[in-house]
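Student: Chains A and B, in that order, are what the protein sequence lines are.
Position 7 (the first sequence) corresponds to 7 in our numbering; numbering is contiguous.
Position 90 (the second sequence) corresponds to 90 in our numbering; numbering is contiguous.
Read the hints as simulated data drawn from the structure, not as lab findings.
Each statement offered as a hint is correct.
Simulated crosslink set (BS3-like; lysine-lysine; CA at most 25 Å straight-line):
1) B:K116 / A:K137
2) A:K172 / B:K134
3) A:K89 / B:K116
4) B:K116 / A:K116
Computed footprint of chain B on chain A; a stretch qualifies when at least three of its residues, placed anywhere within it, have a C-beta under 8 Å from a C-beta of chain B:
5) 75-89
6) 156-168
So, partial list: chain A residues that the calculated Cβ filter (under 10 Å) puts toward chain B:
7) A113
8) F171
9) I173
Here the structure is a predicted model, which is why all the values come from computation and not from measurement.
Where a beta carbon is used, it is the ideal one built from N, C-alpha and C, also for glycine.
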Amino acid sequence: MNTWLARSIGRKLLASFVGIFLVTYLLTAIFVFTSVRNSIMHAESDALTNQADQKIELISNYLRSVSTNLHAWSHLEVMNDLISGDVDKRVARTLSSLKSEYAFGGEIYAFDAQNKLIAFSEAKSIIAELPAIWASKGNDPVFIDKHSHPMGGGKVVALSIGISASFTPDFKIGTLVVTLPWASIEKMLVENTRRILLFKDETLLLLSAGNISNRIEKDEMQALWERTPELVVSSTRYVAGYSEKHHVLLDDWHVAALKDASLAYQPIWEVALKLVGLGLMLAIPIVLAIRWLSRLLTEPVESLTGVVSGISYSGDLSKRAEIVSRDELGTLAQVFNNMAENLQNSSKERENFVAELELLNKTLEQRVQERTKELESANTELTGAIDNLRAAQGQLVHSEKMASLGQLVAGVAHELNNPIGFIYANFPHLEEYTNDLLELIEKLRQLPMDEAQKAAIEKKIRSMDLDFIKKDTLKIIRSGKSGASRIKEIVSSLRSFSRLDEAELKSVILEDGINDTLAILHHHIKNRIEVIKDYQLNQPVLCRAGQINQVFMNIIYNAIQATDGPGSLRIATRQEGEFAVISVEDSGKGIPPDVIGKIFDPFFTTKKIGEGTGLGLSISYGIVEKHGGHIEVASKVGQGTKFTIYIRMKPEPAPVSSRG
Amino acid sequence: MRVPIYLLLALVAMWGNPARAEELLVIANSGVEVSSLSLEELAAIYLLKVTTWQGGGNIVPVNREASSGARTVFSDAVLRQPPNALNAYWNQMHFKGRVPPLVQESDQAVLAFVQKVPGAIGYVNASHAPQNVKVLARVP
Numbered sequence: 001m002n003t004w005l006a007r008s009i010g011r012k013l014l015a016s017f018v019g020i021f022l023v024t025y026l027l028t029a030i031f032v033f034t035s036v037r038n039s040i041m042h043a044e045s046d047a048l049t050n051q052a053d054q055k056i057e058l059i060s061n062y063l064r065s066v067s068t069n070l071h072a073w074s075h076l077e078v079m080n081d082l083i084s085g086d087v088d089k090r091v092a093r094t095l096s097s098l099k100s101e102y103a104f105g106g107e108i109y110a111f112d113a114q115n116k117l118i119a120f121s122e123a124k125s126i127i128a129e130l131p132a133i134w135a136s137k138g139n140d141p142v143f144i145d146k147h148s149h150p151m152g153g154g155k156v157v158a159l160s161i162g163i164s165a166s167f168t169p170d171f172k173i174g175t176l177v178v179t180l181p182w183a184s185i186e187k188m189l190v191e192n193t194r195r196i197l198l199f200k201d202e203t204l205l206l207l208s209a210g211n212i213s214n215r216i217e218k219d220e221m222q223a224l225w226e227r228t229p230e231l232v233v234s235s236t237r238y239v240a241g242y243s244e245k246h247h248v249l250l251d252d253w254h255v256a257a258l259k260d261a262s263l264a265y266q267p268i269w270e271v272a273l274k275l276v277g278l279g280l281m282l283a284i285p286i287v288l289a290i291r292w293l294s295r296l297l298t299e300p301v302e303s304l305t306g307v308v309s310g311i312s313y314s315g316d317l318s319k320r321a322e323i324v325s326r327d328e329l330g331t332l333a334q335v336f337n338n339m340a341e342n343l344q345n346s347s348k349e350r351e352n353f354v355a356e357l358e359l360l361n362k363t364l365e366q367r368v369q370e371r372t373k374e375l376e377s378a379n380t381e382l383t384g385a386i387d388n389l390r391a392a393q394g395q396l397v398h399s400e401k402m403a404s405l406g407q408l409v410a411g412v413a414h415e416l417n418n419p420i421g422f423i424y425a426n427f428p429h430l431e432e433y434t435n436d437l438l439e440l441i442e443k444l445r446q447l448p449m450d451e452a453q454k455a456a457i458e459k460k461i462r463s464m465d466l467d468f469i470k471k472d473t474l475k476i477i478r479s480g481k482s483g484a485s486r487i488k489e490i491v492s493s494l495r496s497f498s499r500l501d502e503a504e505l506k507s508v509i510l511e512d513g514i515n516d517t518l519a520i521l522h523h524h525i526k527n528r529i530e531v532i533k534d535y536q537l538n539q540p541v542l543c544r545a546g547q548i549n550q551v552f553m554n555i556i557y558n559a560i561q562a563t564d565g566p567g568s569l570r571i572a573t574r575q576e577g578e579f580a581v582i583s584v585e586d587s588g589k590g591i592p593p594d595v596i597g598k599i600f601d602p603f604f605t606t607k608k609i610g611e612g613t614g615l616g617l618s619i620s621y622g623i624v625e626k627h628g629g630h631i632e633v634a635s636k637v638g639q640g641t642k643f644t645i646y647i648r649m650k651p652e653p654a655p656v657s658s659r660g
Numbered sequence: 001m002r003v004p005i006y007l008l009l010a011l012v013a014m015w016g017n018p019a020r021a022e023e024l025l026v027i028a029n030s031g032v033e034v035s036s037l038s039l040e041e042l043a044a045i046y047l048l049k050v051t052t053w054q055g056g057g058n059i060v061p062v063n064r065e066a067s068s069g070a071r072t073v074f075s076d077a078v079l080r081q082p083p084n085a086l087n088a089y090w091n092q093m094h095f096k097g098r099v100p101p102l103v104q105e106s107d108q109a110v111l112a113f114v115q116k117v118p119g120a121i122g123y124v125n126a127s128h129a130p131q132n133v134k135v136l137a138r139v140p
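Bound conformation, chain A alone (with noise of 0.2 Å):
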């Protein structure tokens, strides 16, 4: 049911307006029904109440119109033939002219005062007593109720009545009795639709039980007795309406009025069918109606929900809702219909977009590789500054150690030239001075002497081994005074590179640096490498000095260190233009190809850790280029290396930057 419901807003209102309906209508029908029925039911009870009333009056007022007849009939004066014992049948006569001038259904005694029948009201005479039960009280009528004729026949009532004499009211002539019979009271209670039932309270005594055949029991009229509104008699239930007044004459009868129950009710079934009826014929044009309104609401839904889900099934923005009304769904149409074109704008815009960035992604890769190959460039660019970067640095820190280096060697050099002057001063004078020793030993030992100091002076030359002390002793001399005069060179040599760091521009032999060099890295060389030495430029340069010289000292040095045992190195000199080109080459083991590249790179070494920096070749290299020169290399692995030199005779006129 839920589920059914939830399915459609026409179901959800068509439901609810149902249900308010069936709710109203019910209530509506409940309320109608029971005001109805209850009114019904009162009417019907006021209406049986009524007809109980109206019988016991109805019975009540002809018992009173008899007594009151009565009451005349006793004051005939007539009557007083009663005391001559109706000799000329006047009363007789006058009873009977009485029973049909009042078509009375019963019958009309007189007795005398002796009780005895005088005349009634038949034609024929019976000798009668007055019966006990119709003994008169007095001059008013008194009421008889329901017993067997006393003088045979049916059922009756009568009414009797003391009569006076007419001239003395004390004189007491006789009794007048009217009877009537008990049918003409019955029929006075008939009714068709209605059973009447004429019962006595104290004695529960039933009088005439209607047209209802069946004996009544006791508990059925102890019900009547209580006055119940529904009862059940001889099983059939009645709805029940009981006499209220009180009548002089019938003190003690009471009417009750019943109706069938089924009958009674039915004017209720009739309403609640009619209820029943009426409540279908709302509903039907009511569900119509509710179902034509929940159809007008939910169609322009309908078609809107059609409209967006073809939309979103294929994509079309292109559609547009029909705009039915101009009521809340004409305008949610008109704004869905708005809601679409700026979709479709915006999914045109996209489309426009999407191209364009499929544009831009196939050139994309082209512009990447233009600005990968822009990048690379610039990282080369960036590289080879890097590489600059690091050459001056290597050179800043070069130079620096060499400055500091320089200045500590020429400091070195200075202290030693003296102390070495001393020593290389003295040596010739240490020379002759042993010589003159030497010599006098000779002449001591010539000297005439007695044997045994001869023998003790000779013996302690024998142990001294005095010929080997000539002969070294001239020898250490010789390579001291050698020695010396190294030290003496060396130290010159120091001096003289030490003031190759000076910065300033001279103009220098480059032959004479070189032999510096090689004299300071004379220990490399002795004995192993043969110099060969091939100077043909022997003119000044314009140079820094210092800084070639460190040239020369990287490239020499490197040179023997590439030389492994003997070899040869060979350093010419020669003038090319306006280049001095000065070129070293060795008989070493040689530069392999693949590395032969990167000699001049900062920091490149294939020596060991702590023999070398990997920054000599690189300054020298930044050196040489300062001096408006180059440097080339030419190797084969295991037949040398040949560095070759150019450097400017002079600076060029432009200003090459000065390094201080």
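Based on the hints, put chain B in the right spot on chain A.
Tutor: Same frame as chain A, now just chain B:
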């Protein structure tokens, strides 16, 4: 209610015996202490001017029906007025609350009535000797 009864009574009276010129005996209940009455006293009684006996007790006069000869004789001899005047007089008395003389339609009835009712007085044909009553006068 009473009017039809009187009409009826009048009809009944007309069927009665034709009037005869005869002698009448005025009789009274034996309990009456008066022994004789004059015609004047009798007229006073029947015209309701005297209503009690000298010895005590109400006088109950009894008349015959209007058509009877005895009444004609009695009216002529005692009351000495025409019947119409008498009827008018008694009607007047009736309305004044006095009971006019009762009517009996035969001598036997008058006799029986007078015999049984104390203080009753009536008149019967003198041809029969009435029993158990006092004869108070003879008319005419």
